[in-house]
Structures are given as C-alpha cells and as structure tokens.
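Chemist: Residue-level listing of the chains:
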Amino acid sequence: MTQAEGGLLVALTGGFAVWTASTDALLRYLRPGMRLWLLVAGCALMLVGMATTIRALRAPGRQRVRIGWLLVIPLSVALVVRPGPLGAYAAGRRGLLQPAVTGHFDLRDHLRAGSFAGQSPDLLLVEFYQASRSADDRRLLRHQSVRLTGFVVPDGDEPHAFLLTRFTIACCAADATPVQVAVTGLPGEVPAEETWVEVEGTLVDRRPDGDDARSEIPTVRLDHLRRVAAPAEPYESPR
Amino acid sequence: MRSARADRARVASGAPSPAPLADPSVPADVGPPDAARDQAERRAFHPLPWVVLTVVVLYPSTFGYFFLDPALQNWATIFISVTLQALPFLVLGVTVSAALAAFVPASWLVRSLPRRPSLAVPVAALAGAVLPGCECSSVPVARRLVSRGVAPAAGLTFLLAAPAINPVVLVATAVAFPGRPEVVLARFAASLVTAITVGWLCRRFGVSDRLETHLASTPQASHRHDFVATASSDFLQAGGFLVAGAMAVATLQTIVPESALRSVTGSGAYGVLALALLAVLLSVCSEADAFVAAGLPQFSMTARLAFLVVGPMVDLKLIALQSGTFGWRFASRFAPLTFVTAVAVSVLVGSILL
Numbered sequence: 054m055t056q057a058e059g060g061l062l063v064a065l066t067g068g069f070a071v072w073t074a075s076t077d078a079l080l081r082y083l084r085p086g087m088r089l090w091l092l093v094a095g096c097a098l099m100l101v102g103m104a105t106t107i108r109a110l111r112a113p114g115r116q117r118v119r120i121g122w123l124l125v126i127p128l129s130v131a132l133v134v135r136p137g138p139l140g141a142y143a144a145g146r147r148g149l150l151q152p153a154v155t156g157h158f159d160l161r162d163h164l165r166a167g168s169f170a171g172q173s174p175d176l177l178l179v180e181f182y183q184a185s186r187s188a189d190d191r192r193l194l195r196h197q198s199v200r201l202t203g204f205v206v207p208d209g210d211e212p213h214a215f216l217l218t219r220f221t222i223a224c225c226a227a228d229a230t231p232v233q234v235a236v237t238g239l240p241g242e243v244p245a246e247e248t249w250v251e252v253e254g255t256l257v258d259r260r261p262d263g264d265d266a267r268s269e270i271p272t273v274r275l276d277h278l279r280r281v282a283a284p285a286e287p288y289e290s291p292r
Numbered sequence: 004m005r006s007a008r009a010d011r012a013r014v015a016s017g018a019p020s021p022a023p024l025a026d027p028s029v030p031a032d033v034g035p036p037d038a039a040r041d042q043a044e045r046r047a048f049h050p051l052p053w054v055v056l057t058v059v060v061l062y063p064s065t066f067g068y069f070f071l072d073p074a075l076q077n078w079a080t081i082f083i084s085v086t087l088q089a090l091p092f093l094v095l096g097v098t099v100s101a102a103l104a105a106f107v108p109a110s111w112l113v114r115s116l117p118r119r120p121s122l123a124v125p126v127a128a129l130a131g132a133v134l135p136g137c138e139c140s141s142v143p144v145a146r147r148l149v150s151r152g153v154a155p156a157a158g159l160t161f162l163l164a165a166p167a168i169n170p171v172v173l174v175a176t177a178v179a180f181p182g183r184p185e186v187v188l189a190r191f192a193a194s195l196v197t198a199i200t201v202g203w204l205c206r207r208f209g210v211s212d213r214l215e216t217h218l219a220s221t222p223q224a225s226h227r228h229d230f231v232a233t234a235s236s237d238f239l240q241a242g243g244f245l246v247a248g249a250m251a252v253a254t255l256q257t258i259v260p261e262s263a264l265r266s267v268t269g270s271g272a273y274g275v276l277a278l279a280l281l282a283v284l285l286s287v288c289s290e291a292d293a294f295v296a297a298g299l300p301q302f303s304m305t306a307r308l309a310f311l312v313v314g315p316m317v318d319l320k321l322i323a324l325q326s327g328t329f330g331w332r333f334a335s336r337f338a339p340l341t342f343v344t345a346v347a348v349s350v351l352v353g354s355i356l357l
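Taken in order, these protein sequences are the chains called A and B. Per the working numbering, residue 54 is the first one in the first sequence, and the count goes up by one each step. Per the working numbering, residue 4 is the first one in the second sequence, and the count goes up by one each step.
Because the hints were derived from the structure by calculation, they are not lab data. Incorrect hints may appear among the rest.
Said to hold, decoys possible - Pulled a few chain A residues facing chain B out of the computed Cβ check, cut under 8 Å:
#1 57
#2 62
#3 73
#4 97
#5 98
#6 102
#7 118
#8 120
#9 124
#10 126
#11 137
#12 207
#13 209
#14 224
Ideal Cβ placement from N, Cα and C applies to all residues, glycine included.
Please build the complete structure, drawing on both the sequences and the hints.
Modeler: As structure tokens, this is what we get:
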C-alpha cells in the first residue's frame, strides 16, 4: 500500500461514516444518539485522509499497513449487500436478553397523557412488555386499549394470531433484543412476515408463570389492525 | 507491527530497509527486488483494487441479487453496526495517541509515573479515569504510552482500566441501574482490581516482555513527529483490525444462536461463565454495556458484574485490535489471562458488595 492509498482509504472510511450518519441508514445500525459522534469522527477522518493523500502525491512513500485494506469491506458490504434492519430471522435466533425499560416509567401517567379525543395512547413494545409483568399495570392495560407498532412474525401455524415484534437496542444492532407480543383475534389472514403493522388492543390478563419462555410473551386481543410503512427508526432505544 | 513511521523515516533518510521481523500477525514483506520496489514506490496507486472499488461504488446492484439470504443480511447488519459503533471511539483514541506522539515529550510521560513499575501499575490504572472513551480508544493510546517509554505493565494496566472506570461509563452504569449505586461501586472496584492484578501478573510472568520485543521493532523516528501522518497510519492499522474483529463478531452471532446460552441461565458458576462469554461474543462498547446488563435480570447480580468487567477488557473486536497492535503472540496470552482474572475478581467483589 502506498501512502497515497492509505490516505484515500482513511478518507473513504470517513466518507462512509458521514454518508451513513447523514441518512436514515444510521438507524438500521445504531441508536440515534450516536449520529453526532459519527459525523464528527467521519469529518475528522476525511480531513486527515485527504491531507495524507495530497502530501503523498507530492512525495510518494510506502505505508506498511496492509491490514488497512480491510477498511474497504464495510463500505462495499453496505453498498452491495444493502442490509436492512434486523428482522424475523434475527428475532428467531436471539432471546437471551430480557427487554427492560431503563429509568423511570410510570404507565398511569403515560396513559393519561396519551389518551385524548378518544385516541388510544401509543406505547413502545418494550414498555408494554414491562407493564405486563407488574400486577398493577396489568389491571390498567386490561381495560385501556393501547396502540403498538411492530412487524409481523408468524406464530407457528396459528391462523388468527401472530407475534408483533420489534427490537430494542442499547447501543447498536449487535446488542438488539427482540420484544414480542402475541396478537390474537385477527379477523382475516395473517399479514406477510415482516409487514409493519399498528395494532390497537387490550391486554389479555394472564399472569406470566415460571420458566417457560413462551408464557412470558404477553397477549393482546385485537381491536384494530392497520398496515403502516416501515418506520425510519426500526428499533426502540431507551427514551 | 512495524509502523509507517519507520517507513517514513527510511524514505526520508534513504536508509536500506531492515530485514522483516518475524511477526505472525503480518505477512512477511516479500517485496520485489529493490529496483522494482523503487518503481513501485514512485507510483501513487495500485490500479486493480481501486478499479474494483469504483465498480462496486458505481454499480452496486450488479452483485445485489446474490445477497438476499436472510443469514447474510443479518451478518451484514451486525458487521456494519459493530464497525460504526466503534468508529468514533477509535478516532478519539487515534487522535489522543497522535497528539501524545506529536506534542507530549516522552520524558514528561515517564517522569509523571513512579519509577518503580510495581508502583506505576496502580497509578496508571487510576490515570485510566481521564480517558472518556470506550475500549477502542484505549488501545492506540496504550500502545503510544508503551512505545514512548512507559513501563509495559503500566501501559497494559491503563489499557484495561481506562474503558471501565472513566466517568462517562460510570454515569451510564448508574443510569442503567437506577437506585443501585452499589453496582457502580462494584464495577469500579472490580475493574480497577482486575487491571492492577493483570498488570502485576504480566510483569511477574514476563508476558509484557513479548510486548517489548514487539514494540522494539517500532523505532523512534528521529525527526519531529507529525500529527497527521501518525494519525493516518495508526487509524489504518487499528481500523483494519477493527474490521476483522467486527467480521468475527457478526459471524459468531450469526452462526451461534443466542438461545444456545439460554439453557445456562441458572444461578451460580454457570451463570457467571455464560455472561462472561456473552460479553466476549457481543463486543458491546463499554459505554452501552450497562444497558445490556440491565436486560439480563434472570442472571445473578454477580454474573452481571462479570459481564460488565469482562466486556471492556476482553471481547472479540478487542482481541483483534490487541493482536494487531501488540502482536498475536502477546494477545494470545494476555486475553485468556485477563479473562480468568476478571471473572475471579468479579466473583470476589460481587460476593462482598452485591
């Protein structure tokens, strides 16, 4: 590798970071809070890389850092494979981590603030999951219809039910945890896998019992189902 | 790895290249004979890789049809996430490292630490609190410290302590475990003790000697250090190994389903070991790993502490970075030593504080 090439690789990596950080593609990989840092890092790399290249064009030299060629891989993979957000495949393979709302979350306040003009309040799937694990909150959700957004994962061969799924991330897609809510009482066909839907419904009160992973999934009785466009921010991250 | 500085020094002075040192992490440089090499050095670019890259950038969809497989898509998402997540921290580390090289006299660094290495180790561990980054930042900085004359054991202790005990990480931990300050304290104490213990063990058993011989191949350039050139070549090296580490993370996460670890959720030793291994596998940045640990309530607090202590010190992308920076011979001993120490200290501290 020559020094000019090394500089160009650094600048390209910076360009890739800036490009990702300035589009919605970022949200497939990282939590939104990282956007600024990635932009700053990308700009710094572009400046340093271009300065190196320009200088090396005047006085060529060799750079003994062959491993640096690997830096073309992320850019090429992003362009060629064009990975989407994590979907049904990842949801089926993960599941060691339990989704948790961090910090303070008061369901009663949230429901009161969210329900005006007869609307059902919005809840994140992870908030709904957390609430379904406390007896007090379960009582609230049994009578209050809420709106949840996620994508469809078929629930085995069940004809009138599916698993509403969304990932929650702490930092990036590598630590994504699927949150799932079983939706029952579907009048028609189950939508295709990975279709994004908005579900309005009430919690079916059933105490989560014991170790069975399946029994930890809360169940919602469906009132309304609406297909929606995939959201720009596919994952839920701590508010 | 021999740094580009050596090359620049050689180019500048016109000295003949030294015989390549045996370094298993780098393919030996079997270059063309001198005349051809001079020719190659005058050329600024190798055409082939750039032509391929240009085709990829301009016509990416040419290859797109082969990559719709969900496993490959999953791999790609995780691979790019890990790379991008680490990038800002790597840039921070490379910047600090280049600034140390360009602006801080080596004598000042050496004088600011106690002369006796056994004392320098704990001081270096506490000094780790000033670098507000994650583990990717501390690798280039630690390397710079050692190559500028700081005792290797002290440099390694800094490497381990910095990502775990800096204020940003501790505040993130406090936010992830609200109302439980003992978790923050336990993380701080266990990480500090682990870093110091590993530093002393490295000195006692000569693990750091391997590091010295490795870095000895990085001669100090006689001319003034150059910020831009150092940053550029440091980033190329660390970035290349980061990419290798991210590929390993994505591959393992795609091949080994996490549900395989579900069977060991029990309390006790298995739980601790399972979470310590999960930390190695997930390779989450230390500024976010507390939020991941908060999502593991089915494990004991001690097991979650082990996750928080091991994660910033040993994980897949870090092993790649360390073997690239300090040599594979060193990393293959350092990583297991650190892993075992971190797990043992976590169990000890966990049983006292949690």
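Chemist: Min Cβ distance, residue 98 (chain A) to chain B: is it shorter than 8 Å?
Modeler: It holds, given that the least Cβ distance between residue 98 (chain A) and chain B is near 6 Å, below 8 Å.
Chemist: Is the shortest C-beta separation between residue 224 (chain A) and chain B less than 8 Å?
Modeler: For residue 224 (chain A), the interface hint holds, since the closest Cβ of chain B sits about 3 Å away, which is under 8 Å.
Chemist: Taking the least C-beta to C-beta distance, is residue 120 (chain A) closer than 8 Å to chain B?
Modeler: 3 Å, holds
Chemist: Could you check if residue 62 (chain A) really has its C-beta closer than 8 Å to a C-beta on chain B?
Modeler: 6 Å, holds
Chemist: Please verify that hint: residue 137 (chain A), Cβ, nearest Cβ of chain B, below 8 Å or not.
Modeler: 6 Å, holds
Chemist: Does the CB of residue 57 (chain A) sit less than 8 Å away from some CB of chain B?
Modeler: It holds, given that the least Cβ distance between residue 57 (chain A) and chain B is near 4 Å, below 8 Å.
Chemist: Close enough to count: is the Cβ of residue 102 (chain A) nearer than 8 Å to one in chain B?
Modeler: 7 Å, holds
Chemist: Double-check residue 209 (chain A) for me: the hint is only fine if its C-beta lies closer than 8 Å to a C-beta in chain B.
Modeler: 16 Å, violated
Chemist: Report holds or violated for the interface hint on residue 124 (chain A), using the least CB-CB distance to chain B and a cut-off of 8 Å.
Modeler: At 5 Å from the nearest chain B Cβ, residue 124 (chain A) passes the 8 Å test, so the hint holds.
Chemist: Taking the least C-beta to C-beta distance, is residue 97 (chain A) closer than 8 Å to chain B?
Modeler: 6 Å, holds
Chemist: Interface hint check: residue 207 (chain A), Cβ to nearest Cβ on chain B, cutoff 8 Å. Holds or violated?
Modeler: 14 Å, violated
Chemist: Holds or violated: the hint that residue 73 (chain A) contacts chain B, with Cβ atoms closer than 8 Å.
Modeler: Holds - the Cβ of residue 73 (chain A) comes within 8 Å of chain B, reaching about 6 Å at its closest.
Of the hints listed earlier, those the structure fails to meet are numbers 12, 13, in rising order.
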